[in-house]
Amino acid sequence: GAVVSQHPSRVICKSGTSVKIECRSLDFQATTMFWYRQFPKQSLMLMATSNEGSKATYEQGVEKDKFLINHASLTLSTLTVTSAHPEDSSFYICSAKLGQTHFSYEQYFGPGTRLTVT
Amino acid sequence: QKEVEQNSGPLSVPEGAIASLNCTYSDRGSQSFFWYRQYSGKSPELIMFIYSNGDKEDGRFTAQLNKASQYVSLLIRDSQPSDSATYLCAVNRGFGNEKLTFGTGTRLTIIP
Chain A
51 GAVVSQHPSR VICKSGTSVK IECRSLDFQA TTMFWYRQFP KQSLMLMATS NEGSKATYEQ
111 GVEKDKFLIN HASLTLSTLT VTSAHPEDSS FYICSAKLGQ THFSYEQYFG PGTRLTVT
Chain F
30 QKEVEQNSGP LSVPEGAIAS LNCTYSDRGS QSFFWYRQYS GKSPELIMFI YSNGDKEDGR
90 FTAQLNKASQ YVSLLIRDSQ PSDSATYLCA VNRGFGNEKL TFGTGTRLTI IP
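Going line by line, the protein sequences match chains A and F. Taking our numbering as reference, the numbering of the first sequence is continuous, increasing by one, and the terminal residue is 168. Taking our numbering as reference, the numbering of the second sequence is continuous, increasing by one, and the terminal residue is 141.
There may be inaccurate statements among the hints.
[Said to hold, decoys possible] Result set (EDC-like, lysine to aspartate or glutamate): computed pairs, CA atoms no more than 16 angstroms apart in a straight line:
id: 1; chain 1: F; residue 1: Lys-96; chain 2: F; residue 2: Glu-34
id: 2; chain 1: F; residue 1: Lys-128; chain 2: A; residue 2: Asp-138
id: 3; chain 1: A; residue 1: Lys-70; chain 2: A; residue 2: Asp-115
id: 4; chain 1: A; residue 1: Lys-70; chain 2: A; residue 2: Asp-138
id: 5; chain 1: F; residue 1: Lys-128; chain 2: A; residue 2: Glu-156
id: 6; chain 1: F; residue 1: Lys-96; chain 2: F; residue 2: Glu-44
Since the hints were made in silico from the structure, they are not lab data. Quick caveat, the model's predicted, so the values are computed rather than measured.
Sequences are here, hints too, so could you generate the full structure?
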């Protein structure tokens, strides 16, 4: 099956600092990756769609200058939370769609990164 | 009206019985339908996907889709305690527009 990894799995940072989260597709090329955020007892909310080699598309209400997304290769997308604040504490999960060589609509999720801002 | 609606539960089912999870969606342009399982503190895991009306079976799982009624369901046969989790229904508009819209999930508990 398709394997997606995330790093780090858990991070604690101080308010005002920046945190980078990596998302990698390990056994396939992902032209499109997605970033989600999940608060406790809530469902996943899509933050942005990341396409390799182009700018990310952000959902309404998500600040693109605060949540920087870079999709520099077919296997790596990064999310940087800049000037993090306690309200940014959440579970951040990426997903990847199989590339154009596969006729597939399925998304496979990484294990998630739990961010705590103190 | 929410785009994807699920009964939040909790749904309690005896071990060995059939668990039935339901989902309705509002966007008639939806083409692809997914069921994800999420254990507490973990990320979602793809269980089933279905694109065409009717039933699709995979092991103990059966997904059912009725586009006319905008309804998709997941049946879990011979329920096991390890099936206890939150089940998320998700839909998208198909190839070229793969943004997933999730329901809030149904919490399922299998009682030994």
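Hint-by-hint comparison with the structure:
1. F:Lys-96 with F:Glu-34: Holds, at roughly 15 angstroms.
2. F:Lys-128 with A:Asp-138: Outside the cut-off at roughly 22 angstroms; violated.
3. A:Lys-70 with A:Asp-115: Given that 16 angstroms is the threshold and the Cα spacing comes to 14 angstroms, the pair holds.
4. A:Lys-70 with A:Asp-138: holds, 13 angstroms
5. F:Lys-128 with A:Glu-156: holds, 10 angstroms
6. F:Lys-96 with F:Glu-44: Violated: Lys-96 (chain F) and Glu-44 (chain F) sit about 31 angstroms apart, past 16 angstroms.
When held up to the earlier numbered hints, the structure conflicts with 2, 6 and fits the remainder.
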